[in-house]
Structure formats: structure tokens, C-alpha cells
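Make the full structure from the sequences, and use the hints.
In this note's numbering, the protein residues as written are 80 to 166.
Treat each hint with caution, since some may be false.
[Said to hold, decoys possible] Each computed BS3-like pair below joins lysine-lysine, with the alpha-carbon atoms no more than 27 Å apart:
#, residue 1, residue 2
1, 110, 94
2, 100, 144
3, 144, 94
4, 110, 144
5, 94, 82
6, 82, 110
Just so you know, the hints here were simulated from the structure itself, not pulled from any lab data.
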Amino acid sequence: RPKGGQLEDLLREVKQRAERKERVLAVALTKRDAEDLASYFIDHGVRAGYIHSGLNTVERADALKSLQSGDIDCLVGVNLLREGLDL
80 RPKGGQLEDL LREVKQRAER KERVLAVALT KRDAEDLASY FIDHGVRAGY IHSGLNTVER
140 ADALKSLQSG DIDCLVGVNL LREGLDL
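Quick look at the structure:
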């Protein structure tokens, strides 16, 4: 897909998946990006949350449970490059 409009494209994809009762795991590069992307989704009508190492163990577990249970449609995690996803 073209580089331009990536954020809007991702928002559209997430909304389409949510309509089909599917869930999405989105990946950001930094903790701040994860928080900002989750806020962007929420501001645009998507039930979203974020997860990263700045959260305590209970908060991280709650975020994952929210995605699993369908309380949120999208969870934004942090890509730690060589180390994998921070979940």
C-alpha cells in the first residue's frame, strides 16, 4: 500500500475488523507511539488500548484480557525489533 494515508488506512482496517467481531493487534515503535495510536483510535470511535513495559503486570494482564474478551477491538503493542513484541 502507498505510504501516504497510512494512519487513515489502518483506522479503516481496524473498523472493518471490529464490524466483523474480529480483534486487531497493532504495533508501534515506541511506548509514546502506542499510547498516541490508541488515543487516536479511541478519538475515532474504536475501542482500543495499549500495552508496553511502562505498565505494571496487572495493567498488562488487564489489557490482554480486554482484547481477549472483546471489551476492546484493538490493542497497540510495542515492537522491540530484535526482541519481539512487548506483550
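A quick look at each hint next to the structure:
1. 110 <-> 94: Satisfied, since the Cα-Cα distance of roughly 23 Å is no more than 27 Å.
2. 100 <-> 144: It holds: about 16 Å lies between the C-alpha atoms, which stays within 27 Å.
3. 144 <-> 94: Within the cut-off at roughly 20 Å; holds.
4. 110 <-> 144: Given that 27 Å is the threshold and the Cα spacing comes to 20 Å, the pair holds.
5. 94 <-> 82: Given that 27 Å is the threshold and the Cα spacing comes to 20 Å, the pair holds.
6. 82 <-> 110: Holds. Residue 82 to residue 110 sits at ~22 Å (cutoff 27 Å).
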